[in-house]
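**Student:** Spelled out, the chains give:
2 protein chains.
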Amino acid sequence: MDAHKLEGTDRDQALEALTGHGWTLVEGRDAITKRFVFGDFNEAFGWMTRVALVAEHMNHHPEWFNVYKTVEVTLTTHDMGGISNLDVALASKMDRFAG
Amino acid sequence: MDAHKLEGTDRDQALEALTGHGWTLVEGRDAITKRFVFGDFNEAFGWMTRVALVAEHMNHHPEWFNVYKTVEVTLTTHDMGGISNLDVALASKMDRFAG
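Residue numbers (the working numbering), protein chains in the order written: chain A, 8 to 106; chain B, 8 to 106.
Since the hints were made in silico from the structure, they are not lab data.
Watch out, some of these pointers could steer you wrong.
Note that the list lumps identical chains together, so a pair holds whenever it fits in one copy or between two copies.
Heads up, simulated DSBU-like pairs for lysine-lysine below, C-alpha to C-alpha not over 35 Å straight-line [to be verified]: (1) K12 with K100; (2) K41 with K76; (3) K76 with K100; (4) K41 with K12; (5) K12 with K76; (6) K100 with K41.
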């Protein structure tokens, strides 16, 4: 997938869709974040594993913090200094895998 | 494995061994932390997966933050309000799996 930083209307529409799914902009960084809460560690790490396979395939990786059943994710595209179409694609996969 | 909070000489000896392997005490919490750096995401997440299986088996889970090839781990035993033998055991497994 070709990466490009989101700007203008594309960015507005993408952010509107993401915030509708619980993502928020990170203060002080051009990045999005979401806290996923699962039933237990098995579910949380199982989800992380599914995401990891997709992330590796995309060659686009999350920043994420896990403790037991909770995973806090931050997405941005370091190479582009902000939110790109890759972040939107990965966020969408994360939401889908979380059911 | 029976969990017990480390105290006295047991604690001193355990912390000495851990700091010799790059673990440090967290400021303001009774917890230990270490930053593991791997070759790439594949190696980092592969290591996390091995640790996750052991953690689940021990029913003792890390706090960890991953971005690409780096994993920052914090270990403490919430139930006991501090560092326990479970943290020492999990730290030892982490070090061993990291080679």
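**Student:** Does each hint hold? Answer for all of them.
**Tutor:** Hint check results:
Taking the shortest Cα distances, K12 and K100 sit within 35 Å of each other inside one copy (19 Å), while across copies they are farther apart (41 Å). Taking the shortest alpha-carbon separations for K41 and K76, both the intra-copy value of 14 Å and the inter-copy value of 21 Å come in at or below 35 Å. Taking the shortest Cα distances, K76 and K100 sit within 35 Å of each other both inside one copy (19 Å) and across copies (21 Å). For the identical chains of this complex, K41 and K12 are neighbours both inside a copy (20 Å) and across copies (34 Å), given an alpha-carbon limit of 35 Å.
For the identical chains of this complex, K12 and K76 are neighbours both inside a copy (32 Å) and across copies (23 Å), given an alpha-carbon limit of 35 Å. When the C-alpha separation of K100 and K41 is checked against a cutoff of 35 Å, the pair qualifies both within a copy, at 13 Å, and between copies, at 30 Å.
The structure fails none of the hints (numbered hints given earlier).
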